[in-house]
Amino acid sequence: MEILGVPTALLGSQLLVGLINGSFYAILSLGLAIIFGLLNIINFAHGAQYMMGAFIAWLALTRFEINYWVALIAAPLLVGLFGVILERTMLRKLYKLDHLYGLLLTFGLALIIEGIFRDQFGISGESYEVPEALSGGIHLGFMFLPLYRAWVVVAALTVCFGTWFMIEKTKLGAYLRAGTENPQIVQALGINVPLLITFTYGYGVALAAFAGVLAAPVFQVNPLMGSNLIIVVFAVVVIGGMGSILGSIVTGIGLGLVEGLTKVFYPEASAVVVFVIMVIVLLVRPAGLFGKA
Amino acid sequence: MTIKKAVSIACTAALATLSAGAHAQISGGVVKIGVLTDLSGTYSDLAGSGAVLATKMAIDDFIAKEKPDFKIEMVSADHQNKADIASNKAREWFEREGVDTATELVTTSVALAVMKIAKEKDRIALMSGPGSTPITNEQCNDVSVHYTYDTYALANGTAKAVTKQGGKSWFFLTADYAFGQALEKDASAVVTANGGKVLGSVRHPFPGSDFSSFLLKAQASGAQVIGLANAGADTTNAIKQAAEFGITPTQSLAGLLMFITDIHSLGLKSTQGMYLTEGFYWDLNEETRAWSKRFFGVQKKMPTMVQAGQYSSVYHYLKAVKAAGSDDTKKVMAQMKKLPINDFFAKNGQIREDGRMVHDMYLMQVKKPAESKYPWDYYHVRQVIPAAEAFQPLSQSRCPLVKK
Numbered sequence: 001m002e003i004l005g006v007p008t009a010l011l012g013s014q015l016l017v018g019l020i021n022g023s024f025y026a027i028l029s030l031g032l033a034i035i036f037g038l039l040n041i042i043n044f045a046h047g048a049q050y051m052m053g054a055f056i057a058w059l060a061l062t063r064f065e066i067n068y069w070v071a072l073i074a075a076p077l078l079v080g081l082f083g084v085i086l087e088r089t090m091l092r093k094l095y096k097l098d099h100l101y102g103l104l105l106t107f108g109l110a111l112i113i114e115g116i117f118r119d120q121f122g123i124s125g126e127s128y129e130v131p132e133a134l135s136g137g138i139h140l141g142f143m144f145l146p147l148y149r150a151w152v153v154v155a156a157l158t159v160c161f162g163t164w165f166m167i168e169k170t171k172l173g174a175y176l177r178a179g180t181e182n183p184q185i186v187q188a189l190g191i192n193v194p195l196l197i198t199f200t201y202g203y204g205v206a207l208a209a210f211a212g213v214l215a216a217p218v219f220q221v222n223p224l225m226g227s228n229l230i231i232v233v234f235a236v237v238v239i240g241g242m243g244s245i246l247g248s249i250v251t252g253i254g255l256g257l258v259e260g261l262t263k264v265f266y267p268e269a270s271a272v273v274v275f276v277i278m279v280i281v282l283l284v285r286p287a288g289l290f291g292k293a
Numbered sequence: 294m295t296i297k298k299a300v301s302i303a304c305t306a307a308l309a310t311l312s313a314g315a316h317a318q319i320s321g322g323v324v325k326i327g328v329l330t331d332l333s334g335t336y337s338d339l340a341g342s343g344a345v346l347a348t349k350m351a352i353d354d355f356i357a358k359e360k361p362d363f364k365i366e367m368v369s370a371d372h373q374n375k376a377d378i379a380s381n382k383a384r385e386w387f388e389r390e391g392v393d394t395a396t397e398l399v400t401t402s403v404a405l406a407v408m409k410i411a412k413e414k415d416r417i418a419l420m421s422g423p424g425s426t427p428i429t430n431e432q433c434n435d436v437s438v439h440y441t442y443d444t445y446a447l448a449n450g451t452a453k454a455v456t457k458q459g460g461k462s463w464f465f466l467t468a469d470y471a472f473g474q475a476l477e478k479d480a481s482a483v484v485t486a487n488g489g490k491v492l493g494s495v496r497h498p499f500p501g502s503d504f505s506s507f508l509l510k511a512q513a514s515g516a517q518v519i520g521l522a523n524a525g526a527d528t529t530n531a532i533k534q535a536a537e538f539g540i541t542p543t544q545s546l547a548g549l550l551m552f553i554t555d556i557h558s559l560g561l562k563s564t565q566g567m568y569l570t571e572g573f574y575w576d577l578n579e580e581t582r583a584w585s586k587r588f589f590g591v592q593k594k595m596p597t598m599v600q601a602g603q604y605s606s607v608y609h610y611l612k613a614v615k616a617a618g619s620d621d622t623k624k625v626m627a628q629m630k631k632l633p634i635n636d637f638f639a640k641n642g643q644i645r646e647d648g649r650m651v652h653d654m655y656l657m658q659v660k661k662p663a664e665s666k667y668p669w670d671y672y673h674v675r676q677v678i679p680a681a682e683a684f685q686p687l688s689q690s691r692c693p694l695v696k697k
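If you're matching them up, the sequences are chains Z and Y in order.
If you're matching positions, the first sequence starts at 1 in my numbering and goes up one per residue.
If you're matching positions, the second sequence starts at 294 in my numbering and goes up one per residue.
In short, the hints are calculated from the structure, not lab data.
Glycine is no exception: its CB is placed at the ideal position from the N, C-alpha and C atoms.
Any given hint might turn out to be false.
Stated by the list, open to error - Ranges of calculated distance between the beta carbons of each label pair, as one might list FRET restraints:
#, chain 1, residue 1, chain 2, residue 2, range
1, Y, K666, Z, A74, 26 to 36 Å
2, Y, K461, Z, G12, 41 to 51 Å
3, Y, D415, Z, F107, 34 to 44 Å
4, Y, R389, Z, L111, 28 to 38 Å
5, Y, K414, Z, P7, 54 to 64 Å
6, Z, L103, Y, K666, 48 to 58 Å
7, Y, K696, Z, I112, 50 to 60 Å
8, Z, A74, Y, G566, 30 to 40 Å
9, Y, K360, Z, F107, 47 to 57 Å
10, Z, E132, Y, K414, 24 to 34 Å
11, Y, E579, Z, M90, 49 to 59 Å
Said to hold, decoys possible - Covered by chain Z, according to a simulated footprint, are these stretches of chain Y (three or more residues, beta-carbon under 8 Å):
#, stretch
12, 417-428
13, 494-503
14, 506-516
15, 526-534
Generate the whole structure from the sequences, applying the supplied hints.
Pasting the structure below:
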């Protein structure tokens, strides 16, 4: 059977691949959206922090024989801690200034971090094996689905919706949202707002590192893996609406699917399609699909 | 510049000119070699600091063995794979710093830009890193040498061998820019000429990171061989993901532009059985092993063909300067083309009138993990491709310098 001259089997497999890539976009853009929504910082170091997550997993495995599952928890914690230190020592001083300062600082940090990794590990990168329990795959009839990719979708979506739930539906989330809306009053009620903000940045950064560990067995772990991805992820955040939590998740997955379809019908355009959509969305809804104008 | 500094430079220059009179006719009394390479970007592993090290080794060895009566100096710079940065640096070197030859020049756009400046300033461009064939065809000139490899030799070697061994149907995964398309075109021609068939191709954006969609298309084509007409991280990611999606070993992959550093970073598990063409392998014989181990001692990595070729090309250049008794571009170029190249890198290598250095190439097959006995033991040498067959024949040349 064919749809527009493309066999349905091929179409199905491309949509599935789109969903997998979409989950990566979702988890990365979620971190960015949280940081922007609650701290007003455009975190350009997100790609570098994603790369750090992947490298820590690789280092843990090759130098200390620490397996994937431990790394999946430990790497985000470590990189999150690194984020906390950044927030306490540098970002904190920029909250009252224009967005541009935060962007420049994090961009500079990204260049430094990537430079250090490039110097240490070279540009070709390192290979991280798929963990034993998730190697192999399932024949779906229309395609061979590697188990690991299926796991990526499950893990990414669980973390995404868990985060959304925490921010939108719990008391802690309510404090967070209130703290960004009106810090003085929330502080007056006895809640430590600066600590909340530090924690939020650390969490956003940890999400990037989590995505990095998820990506390690799929992509070659190399110092520039983040900077190649980050521009698309920024576009996802802009399309979803800067700072919108649910927007970033839904748009991430949606754009993954659109990109997958583009690869079927006109592969040459698959790198631009996200940006074309961004232009259209900005023209029609400048605040993004889920943003509040 | 302070007056003191200016005076001291003037004095040094005057002294240098005076002392030069006593030796061979070397401008400034010093032969100055510039290594213009990628020290920080995509090609920094296959060329980069290793190419600088290889140049140093060549100069040291030359001084120790040939005892020249001229001084040799080296300068190096990062061109960041940008033609404009490379052009500015080359100009500065040639005009103000008395550099005699700009070497390495990985990345075609850089190479083409520097070749033009070298011609204009009457200096020599020695290229070990870049791969495109226009360097010795449409864009060729008489002050340039293309030393180590080119895409014709690689595509020709790999595509021919794989097709002859039964890989008759091909599908290409091509990076969507001039280089990828040229590679696909070269390889397709070879496949068809050897009785194979090209079933199709898919063009992926450059650079890409997820190739699974494209690989699934290649899988659906049912081709026996998937030709990777891309390079660097694109190739390594595609290979990794092909294994993940169970495409290999049912269908086999052929990397059309790969280096030992790519195999090293991917590991043998995902690359085993692949064919590729190389101009050099550290573990070929006693000579290559001896040199490579010295290189490894400093760099902690085995040399790529680009780095080994860099050593050989600089050494050959210095030999030509000595033989010519001058660093005059015309005289040195004449000697470089006249003298055969016999060292650990090449046997009976010869620089043709189009600037192409022709030497034997090697068809390699990547070992299985169990076959690899020691670090960097990666290849079976499946075939030595003689110099005459490895490179584009002069009869097909589009270089105006070639008299037909």
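Right, here's what the structure says about each hint:
no., hint, result
1, Y:K666 to Z:A74: 26 to 36 Å, "holds (35 Å)"
2, Y:K461 to Z:G12: 41 to 51 Å, "violated (29 Å)"
3, Y:D415 to Z:F107: 34 to 44 Å, "holds (43 Å)"
4, Y:R389 to Z:L111: 28 to 38 Å, "holds (30 Å)"
5, Y:K414 to Z:P7: 54 to 64 Å, "holds (58 Å)"
6, Z:L103 to Y:K666: 48 to 58 Å, "holds (52 Å)"
7, Y:K696 to Z:I112: 50 to 60 Å, "holds (55 Å)"
8, Z:A74 to Y:G566: 30 to 40 Å, "holds (35 Å)"
9, Y:K360 to Z:F107: 47 to 57 Å, "holds (53 Å)"
10, Z:E132 to Y:K414: 24 to 34 Å, "violated (60 Å)"
11, Y:E579 to Z:M90: 49 to 59 Å, "holds (56 Å)"
12, 417-428, "violated (count 0)"
13, 494-503, "holds (count 8)"
14, 506-516, "holds (count 5)"
15, 526-534, "holds (count 5)"
Violation of the numbered hints given earlier is confined to hints 2, 10 and 12; the remaining hints are satisfied by the structure.
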